[in-house]
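Residue numbers (the working numbering), protein chains in the order written: chain H, 99 to 562; chain Z, 405 to 639.
Calculated from the structure, these hints are not laboratory results.
Hints may contain errors.
Unchecked claim - Derived list of chain H stretches under chain Z, where covered just means 3 residues or more per stretch with a C-beta under 8 Å from a C-beta of chain Z:
1. 306-320
2. 341-351
Claimed, not checked - For the chain Z half of the interface with chain H, some residues (derived, Cβ under 10 Å), not all of them:
3. Asp-432
4. Cys-462
5. Cys-465
6. Pro-477
7. Glu-478
8. Tyr-483
9. Val-489
10. Pro-503
11. Lys-507
12. Ala-528
13. Pro-537
14. Ala-538
15. Trp-598
16. Lys-600
17. Thr-633
Note that the structure is predicted; figures quoted are calculated from it, not measured.
For each residue, glycine too, the CB sits at the ideal point set by N, CA and C.
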Amino acid sequence: MKFQSQKVAWGFFATCMLLLSLQVIYGFIMGFAHAGYDGLHSVIPFNAARATHTNLLVMWLLAGFMGAAYWIIPDECDRELAWPKLAWVQLVALVVTGVTAIIGFHLNWWEGRKFLEIPRPLDFLVVIDVLLFIGNIGWTVWKSPKKSTTSMVLFFGLLAAALLYLPGMIPTDNQTVDSYWRWWVVHLWVEGVWELIMGAILSYLLIKLTGVDREIIEKWLYVIVGFTFLSGILGTGHHYYYIGTPRYWLMVGGVFSALEPLAFLGMAIYAFTMAKKGGRTHPNRVALLWTVGCAFMSFVGAGFLGFAHTLPQVNLYTHGTLVTAMHGHMAFWGAYAMLVLAIISYTLPLMTGRKVYEHASAGFAFWTSNIGMTAMTLAFAVAGVSQVVLERRAGMDFLTVQKEIEVHFVGLILAACLFTVGIGTFVWNFIRYGLPNAPLKAGGERVVTPPPDVSPGVPAVARS
Amino acid sequence: MLSKSAAKAFFLGGTAITLAVFLSLTWDTFQQIPGRTNAAALTDQVKRGKHLGEDNNCMGCHTLFGEGAYYAPELTKVYERRGPVFIRSQLKDPEAMFPGQRKMTNYHFTDDEVEALVAFFEWAGKVDLNGFPAKPTLGAPAQVLVAAAPSAQRPQVFSQICVTCHALGGLGGTVGPALDGVGTRLDAAYLEKWLKDPGAVKPGTKMPKLPLDDAQLGELVTFLSSQKTLKEVAQ
Ligand code: HEM
Ligand code: HEM
Ligand SMILES: [Fe+2]
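Only chain H is shown next, with the shape it has when bound in the complex (with noise of 0.2 Å):
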């Protein structure tokens, strides 16, 4: 840690930890649901457990990107944060705005709009947050002497991020329209702006844990985020197939959806050799495990998973149904959770002093959720194919399908058991960690030698 208002960040990967943790149980919740058991139907009925879920996901992730930036943007612009005491303050709003807004599902307020739920008062709040945050960091960039790329495309990407929040306020009467619009938060966010914002993180990642040239790891950043925005932006179009929009979108949706996997190919294959190609060896090997995964889960789950299922002939069957949520989890945890997961077990060692990646657990809490996550996508896979083929393509009951496919929820049950096991393992670490107090350092912060005044029993003091 080179300064002082880097120490924010702990804040929101704390909160992430929280927040992630109670997303698991509101999973077990549904996956209960699904399988015969809504015994909490009365308290807690499905579509509450549903918004609950995939909100903190969303909240989660955007705190792990305020949290990153806030690491990286004065590390890049070699300075302190402008306003250090206002990016605490902007935590507290932003874990008060959603506690209000989970609160508030629980009791039927809010917007029946899928992933769009936080009702339209609240949403203000959300974008004074963001301005807050994206003015601070902005201003932290402005006042720099060094504008790297990395720490641009960043900070443009956060921008877009934010910008791109508005169309999903626009009020409308007509279902088409709101779901047009609905789109132009949720696929150009996913498939969009975060990719700039996870191509940035990455990058970072790779200049640190590798050792290779920054030069050489710009530029293909820029390749790779171009690739998103060629095939992402029109790529739109394969959530413009079925709702009531001109046909040509099959078309165009088409094609340019079927190229986005090349994104995600590029970020992984991009990842593994420069991973290979760098030829320190960064002590943190589990931060540089969580990098390199997450380029190759993302692949796998928004690549190929996605490319799937997003054929218009394709999709005319699958669209709807749990195909649809096996991709989702895939995708949402290999490209952004593990993002966060990694930039999380980088600064941690640097923010705290303590070394606890040297520890078994590390990579125990690796290997476990992410074998989870894939026997969880599987067990979607199953449930969901099932469906496609007894209600869609035989015109089964919708309930009799439902029941026929229960048993697949049993085994994602046992999945996510899986999983939990190891986000447990990562939380309970990061706990472990403790408080971040690591004496600041200027520079030099690959070089981790053990000091040699430690007494047996503390932890010994990572140097950054």
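Given chain H, put chain Z with the ligands in place with the hints provided.
Chain Z with the ligands in isolation, oriented as in the chain H frame:
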């Protein structure tokens, strides 16, 4: 080898071009939406139905236009598939039609609200969705078969509600017994008592107490009483 500035130009140029195309298509789409969605039919009642659905987050369990959750039936074509009588019954008493199955929240809607939702589903079913939901390719759906069966004197409430659980002439659900020849088995007085409140006649029965008004009840009793066995018809 590609230089960093060439890479940057690729990024900026590619983004600008695709964005321009995307915005033009968006403009064109908005010209076409009113026609494709039959916007002229968006009455105040339909709009009210849309916002009622939104305020209660029906899409947190259901899908509409294929968007939403995967826990409850797709609602785009529910007006065509089930009909208004069924939808009213489902909204008034969600447990009635599928006792012991997956649960839907009871919102205690007023009659006006129920009608607004029904109107909304009628509108939604007519939007041009480029062929979604597709007709099943491997077999005809059960509900369509029921609707296609000769139903000249069948009361609407019978072909929309009772057939989900009962078969008549070999078509329909299997939750309750087939109703062929029920007019021979049971007399009108019993039928009326039964339909008013099955639980009162036979405690613990799986047949639900359905929200039927007097006119519907009368129609049903007449119709059921006319379902005689072949032997009796021959006499
Ligand atoms: C990290 C990137 C991605 C994430 C996080 C992601 C996540 C999701 C989620 C959550 C949904 C459901 C959205 C909703 O119904 O509101 C969805 C739908 C979809 N995604 Fe992705 N996705 C990603 C990338 C991709 C890619 C690259 C493709 C195509 C190659 C793709 C193809 C699709 C399609 C076709 C649907 C619509 C499914 C339907 O019709 O029900 N996705 N995605
Ligand atoms: C214990 C683990 C989990 C379980 C049991 C679980 C289960 C579920 C279930 C049953 C649904 C609802 C599907 C429906 O509408 O019927 C759902 C939705 C969703 N979950 Fe999870 N989940 C878990 C963890 C996660 C994690 C870690 C992520 C993200 C990385 C995630 C992302 C999502 C997303 C994006 C959706 C919406 C999918 C869509 O709309 O297509 N879940 N989850
Ligand atoms: Fe998409």
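Is the interface hint satisfied for Lys-600 (chain Z)? The criterion is a beta-carbon contact with chain H at less than 10 Å.
27 Å, violated
Regarding the hint that Thr-633 (chain Z) lies at the interface with chain H, is the smallest CB-CB distance below 10 Å?
The hint is violated - Thr-633 (chain Z) has no Cβ within 10 Å of chain H, the shortest such distance being about 29 Å.
Can the region 341-351 of chain H be counted as covered by chain Z under the rule of three residues or more with Cβ-Cβ separation shorter than 8 Å?
holds (count 9)
Against chain H, with CB atoms and a cut of 10 Å, does the hint on Lys-507 (chain Z) hold up?
5 Å, holds
Restraint: Pro-477 (chain Z) near chain H, CB-CB cut 10 Å. Satisfied or not?
Holds - the Cβ of Pro-477 (chain Z) comes within 10 Å of chain H, reaching about 4 Å at its closest.
Was the hint right that Trp-598 (chain Z) lines chain H, CB cutoff 10 Å?
It is violated, given that the least Cβ distance between Trp-598 (chain Z) and chain H is near 25 Å, above 10 Å.
Per-residue hint verdict: Glu-478 (chain Z), partner chain H, C-beta under 10 Å:
Holds: closest Cβ of chain H sits about 6 Å from Glu-478 (chain Z), inside 10 Å.
Hint Val-489 (chain Z) vs chain H: min CB-CB distance below 10 Å?
With a minimum Cβ separation of about 18 Å from chain H (threshold 10 Å), the hint on Val-489 (chain Z) is violated.
Interface hint for Cys-465 (chain Z), Cβ within 10 Å of any Cβ on chain H
Given a least distance of 5 Å, the restraint on Cys-465 (chain Z) holds.
Cut-off 10 Å, beta-carbon criterion: hint that Tyr-483 (chain Z) touches chain H
14 Å, violated
How about Pro-503 (chain Z): closest beta carbon in chain H under 10 Å, or not?
It is violated, given that the least Cβ distance between Pro-503 (chain Z) and chain H is near 12 Å, above 10 Å.
Using 10 Å as the Cβ threshold, decide whether Asp-432 (chain Z) counts as touching chain H.
7 Å, holds
Hints 8, 9, 10, 15, 16 and 17, counting from the list given before, are not met by this structure.
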